[in-house]
Amino acid sequence: SSSLIILLFFCFSFVSCNNALTAEEIKIKDIVDPITENYFVSINNEDYVKFSKDFDDGMKKAVTKDNFIQLILPIKNGCGDYIPNSIKLVTISNEQGFTAVYYDANFSKKNNIKIKMVFSKINNEYKISGQWFQ
Numbered sequence: 001s002s003s004l005i006i007l008l009f010f011c012f013s014f015v016s017c018n019n020a021l022t023a024e025e026i027k028i029k030d031i032v033d034p035i036t037e038n039y040f041v042s043i044n045n046e047d048y049v050k051f052s053k054d055f056d057d058g059m060k061k062a063v064t065k066d067n068f069i070q071l072i073l074p075i076k077n078g079c080g081d082y083i084p085n086s087i088k089l090v091t092i093s094n095e096q097g098f099t100a101v102y103y104d105a106n107f108s109k110k111n112n113i114k115i116k117m118v119f120s121k122i123n124n125e126y127k128i129s130g131q132w133f134q
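All residue numbers for the sequence shown refer to the numbering used here, where the first residue is 1 and numbers rise by one.
Note that these hints are calculated values from the structure, not bench results. Among the hints, a few may not be true.
Unchecked claim - Restricting the straight-line Cα-Cα distance to at most 30 angstroms, the calculated cross-link-like pairs of lysine-lysine (DSSO-like) are: (1) K29 x K50; (2) K27 x K53; (3) K88 x K121; (4) K29 x K114; (5) K29 x K116; (6) K65 x K121; (7) K76 x K65; (8) K76 x K121; (9) K88 x K29; (10) K114 x K65; (11) K29 x K76; (12) K61 x K76; (13) K50 x K127; (14) K110 x K50; (15) K53 x K114; (16) K60 x K127; (17) K109 x K50; (18) K114 x K60; (19) K109 x K53; (20) K88 x K114; (21) K50 x K76; (22) K121 x K60; (23) K50 x K61; (24) K121 x K27; (25) K53 x K116; (26) K61 x K127; (27) K88 x K27; (28) K109 x K60; (29) K65 x K116.
Could you put together the complete structure from these sequences and hints?
Spelled out as structure tokens, the structure:
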């Protein structure tokens with residue numbers, strides 16, 4: 001029975017260590033969390049200028065002031081307003097040269113919405129390259 005206890009201890013240790021962020025991931029989180037927070041608060045406020053301030057060039061072309069409202073309406077209708085400061089980092093990964101940051105977030109109509117924010121690093125700054133609800 002002592003070997004079972006040791007085995008369980010190692011299993012739990014592995015799980016808890018697995019969720020720990022590396023020093024590099026902590027640096028990334030400290031940069032991209034405020035960008036993500038601003039992005040969703042700006043949707044609440046329907047503020048395109050603040051919403052788009054951290055976009056890369058591709059996002060600026062894809063999401064313009066003209067199509068902004070029609071793009072955010074399904075989010076607001078389906079999920080409601082973002083609950084400020086509710087983003088919770090799940091994981092960070094490198095995907096085809098981009099940094100993908102996965103969050104859980106709460107909205108007024110739904111909780112624990114899975115969100116993927118994709119960032120490109122341009123001139124040492126993280127810029128939003130894409131965003132998906134999962």
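Verification of the hints:
Under the criterion of a C-alpha separation no larger than 30 angstroms, the hint pairing K29 with K50 is consistent with the structure, at around 20 angstroms. Using a Cα cut-off of 30 angstroms, the hinted pair K27 and K53 holds, with the two alpha carbons roughly 21 angstroms apart. With a CA separation close to 22 angstroms, the supplied pair K88 and K121 stays within the 30 angstroms bound. The straight-line distance between the Cα atoms of K29 and K114 is roughly 17 angstroms, inside the 30 angstroms bound, and the hint therefore holds.
A hinted pair counts as satisfied when its Cα atoms are at most 30 angstroms apart, and K29 with K116 qualifies at roughly 13 angstroms. Taken as a hint, the K65 and K121 pair is honoured in the structure, with Cα atoms around 24 angstroms apart against an allowance of 30 angstroms. Distance restraint check for K76 and K65: the Cα-Cα separation of roughly 17 angstroms lies within the 30 angstroms cut-off, and the hinted pair is therefore satisfied. Annotation: proposed proximity of K76 to K121 holds, straight-line Cα distance about 29 angstroms (limit 30 angstroms).
Between the alpha carbons of K88 and K29 the distance comes to roughly 10 angstroms, so the proposed pair stays at or under 30 angstroms and holds. With a C-alpha separation of about 26 angstroms, the suggested pairing of K114 with K65 holds against the 30 angstroms cut-off. In summary, the hint linking K29 to K76 is supported, as the alpha carbons are separated by about 26 angstroms, within the 30 angstroms threshold. Simply put, K61 and K76 have alpha-carbon atoms about 22 angstroms apart, close enough for the 30 angstroms limit, and the pair holds.
Between K50 and K127 the alpha-carbon distance is near 13 angstroms, which keeps this suggested pair within the 30 angstroms criterion. At roughly 24 angstroms between alpha-carbon atoms, K110 and K50 fall within 30 angstroms of each other, so this suggested pair holds. Distance hint between K53 and K114 is fulfilled; the C-alpha atoms sit about 23 angstroms from each other, no more than 30 angstroms. Annotation: proposed proximity of K60 to K127 holds, straight-line Cα distance about 11 angstroms (limit 30 angstroms).
In summary, the hint linking K109 to K50 is supported, as the alpha carbons are separated by about 23 angstroms, within the 30 angstroms threshold. With a C-alpha separation of about 23 angstroms, the suggested pairing of K114 with K60 holds against the 30 angstroms cut-off. Between the alpha carbons of K109 and K53 the distance comes to roughly 27 angstroms, so the proposed pair stays at or under 30 angstroms and holds. Between the alpha carbons of K88 and K114 the distance comes to roughly 10 angstroms, so the proposed pair stays at or under 30 angstroms and holds.
Annotation: proposed proximity of K50 to K76 holds, straight-line Cα distance about 17 angstroms (limit 30 angstroms). Proposed proximity of K121 and K60 is supported: the alpha carbons are some 15 angstroms apart, at most 30 angstroms. Distance restraint check for K50 and K61: the Cα-Cα separation of roughly 16 angstroms lies within the 30 angstroms cut-off, and the hinted pair is therefore satisfied. Distance check on the hinted pair: K121 and K27 sit about 13 angstroms apart at the alpha-carbon level, within 30 angstroms; holds.
A C-alpha spacing of about 18 angstroms is found between K53 and K116, which places the hinted pair at or below 30 angstroms, so the restraint holds. With a C-alpha separation of about 14 angstroms, the suggested pairing of K61 with K127 holds against the 30 angstroms cut-off. Simply put, K88 and K27 have alpha-carbon atoms about 16 angstroms apart, close enough for the 30 angstroms limit, and the pair holds. A C-alpha spacing of about 28 angstroms is found between K109 and K60, which places the hinted pair at or below 30 angstroms, so the restraint holds.
For the suggested pair K65 and K116, the alpha carbons sit about 22 angstroms apart, so the restraint of at most 30 angstroms is met.
Hint compliance for this structure: every hint is met.
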